[in-house]
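Student: For the protein sequence lines, the chains are P and R, in the order given. Just so you know, we're using UniProt numbering here: the first sequence kicks off at 1 and counts up by one. Just so you know, we're using UniProt numbering here: the second sequence kicks off at 1 and counts up by one.
These are calculated hints, taken from the structure and not from any lab test. Mixed in with the good hints, there may be bad ones.
[Stated by the list, open to error] The calculated lysine to any residue pairs, modelled on SDA-like cross-linking and capped at a C-alpha distance of 25 Å, are:
#1 P:LYS279 - R:PRO336
#2 R:LYS279 - P:LEU335
#3 R:LYS279 - P:ARG136
#4 P:LYS151 - R:GLN280
#5 P:LYS279 - R:ASN293
#6 P:LYS151 - R:PRO289
#7 R:LYS21 - R:ASN293
So you can see what is in the structure, the chains are spelled out below.
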Amino acid sequence: MTNVSQPPRADDRAVVLSVKDLVTTFDTDAGRLTAVDGVSFTVQRGHTLGLVGESGCGKSVTACSIMRLLPQPMGKIAGGQILFDGHDLATASPEHLLKVRGGQIGMIFQEPMTALNPVHTIGRQLSEVFLLHTTRDRREALARSAEILGKVGIPSPEIRLGEYPHQLSGGMRQRVVIAMALACKPALIIADEPTTALDVTIQAQILDLMRELQREMGMAILLITHDLGVIAEMCDDVAVMYAGRIAEAGPVEQIFATPRHPYTRGLLDSIPRLSTPRKTRLATIEGMVPALADMPQGCRYQNRCPHRIPLCANLPKEEIASDSTRVSCHRWRELAADIEQPRAAL
Amino acid sequence: MTPDANQNPPAQPLLEVKGLKMHFPVREGLFLRAKRSNRAVDGLDLSLATGETLGLVGESGCGKSTLGKCIVRLYRPSAGQILFQGRDLAHAKGAALKAQRRHLQMIFQDPVESLNARHTVADIVAEPLVIHGIGDAHSRQRKVRELLDRVGLPANAAERFPFEFSGGQRQRIGIARAIALGPRLIVCDEPVSALDVSIQSQVLNLLLELQHDLGLSYLFIAHNLAVVKHVSDRVAIMYLGKIVELADAEEIYRNPRHPYTRALISAIPEPDPLRSAHKQRIVLSGDVPSPINPPSGCAFHPRCPHATDRCKHEAPALRALASTEAAPGAATTASPHHLSCHYDL
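Starting from the given sequences, assemble the full structure and let the hints guide the process.
Tutor: Shown next as structure tokens:
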């Protein structure tokens, strides 16, 4: 985390991925549901953007939209742009997408057991990436596979190449998935809950590895997680999603120190920390996320928000605060008054 | 927890586990003979006072859930004693066991799998009452309504099925079932780890409230240390079937003594970017070894940064440390800090 304090670069060339007003819909028996509704963000070279939110908020659908891996035929990008390397991935041809997936954008999935094919050896699965993107020589592909396995910290990689996924532990499997994502030195890695299935000590190993590789290879990371702790440790910027929209986004220190959206505040207040007095009542967010089929008009958080006013029935416009964070709330200015002083250090 | 339970721990603990072992046979080879065993719990002692919460933390495969299931006797332990209110449950059977089970309930991790999808909520919550022959149909119906109200579910929930509820609400159904018989001890096996953050705090608040109002004791099993610290009076750290450290919740976080505990605490990602940027993290290498073939001596030695020759050959015992300076703000009658390590690092 050496570059945490660096100001975000305004230089446009540093932007690796730019998502603009993305809308993703699903056709279901209950009609057309909008899972992602007007999401915009950019990811900069060598930086990590965190996408955080509770289950069903649309963070994984956003990732699948970028990779164009939405379940077919129900899932559809209904609007917006996904600009990557001069192309709009939202409308790109299947041939172009084949080059991008695994080549220029690597993906790390949550469950390493389902991300790997159980009936093929590690070597076969890993060398496939090289055979698709960089070389036609099987032997060279295997040699490169061994090299990348060594890089992600797997001991005796030559032996591991001949093994099957079930012979590896969860942490080792996730290292293989990371090796696969990194194989072609992508400009961007999309990591969807990469450590959620792992134990804390293994999680620490994997997060360390990702940071180290990012320092070395300079790729951008789009990190999707529900764990605010992982966000705080890994990310330069964060976008908080709620019910398919971005509630608040900005540099990670600002969002954690002065959360402006009532949802972000509720989320940060409701997690027990090591410094919370024991056995005291935790702050809660009442109720639950509304179902996609009956989203309220206007602000989607209004039913759970303690600061609701009649105006909330209208859609809030995204506004930019002084420290370049983006907030979508009608009342953030007046609410900010009582939190403007940074929260008590923990 | 009642405030005075903290100051005057009763002389006799509610639950006392002594030398508990749970070995599962591993059947392999042509004739499926059990040549080796999975030592999920391997010689474990602990005690729990009335109104107390003991947090049990460890990584997957360390045997924490097996221990919980032994205590409510979903498993029959291989050896050792489980003294509950002075009676040994480890080898109790039939009516004697059933009588004790009234006081001993469990909340499970997965609120989907642990509720029968074909039963209505009323059936699920009333089932313990039916099994123990308490009341008639009419009084049970009234009791179910009371219980649902107690855990914050609407009265019309009774007629509905589990799938109609969200994860947090399903966990409330499981809690209503667990308190139906008025138990004294509830084993909570990862009760909030399947829930979203905003729902997690609702369920934790409910558990704390119920403990305060009903004088419950909890054995709280989880892998999230911040959650465990929040609800627990004492915390035990488990590694490969054994307790490696046990102390007051504040003490164990402020002053961890076992190298494993230190690594575990330093590995928690903290939701505070300013702090985590400067944090000194101890990253353990390697994975948790298999309990089928645990390492010799101290089971932690292959991953321990301080391991010596002695650690490879000699297994350390869980010993009480001489009480050091009383930490300010700690409970006046702080329980001794227990550590299972040859060295006091």
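Student: With reference to the structure, classify each hint as holding or not holding.
Tutor: Outcome of the hint check:
| no. | hint | result |
| --- | --- | --- |
| 1 | P:LYS279 - R:PRO336 | holds, 21 Å |
| 2 | R:LYS279 - P:LEU335 | violated, 32 Å |
| 3 | R:LYS279 - P:ARG136 | violated, 45 Å |
| 4 | P:LYS151 - R:GLN280 | holds, 23 Å |
| 5 | P:LYS279 - R:ASN293 | violated, 39 Å |
| 6 | P:LYS151 - R:PRO289 | holds, 23 Å |
| 7 | R:LYS21 - R:ASN293 | holds, 15 Å |
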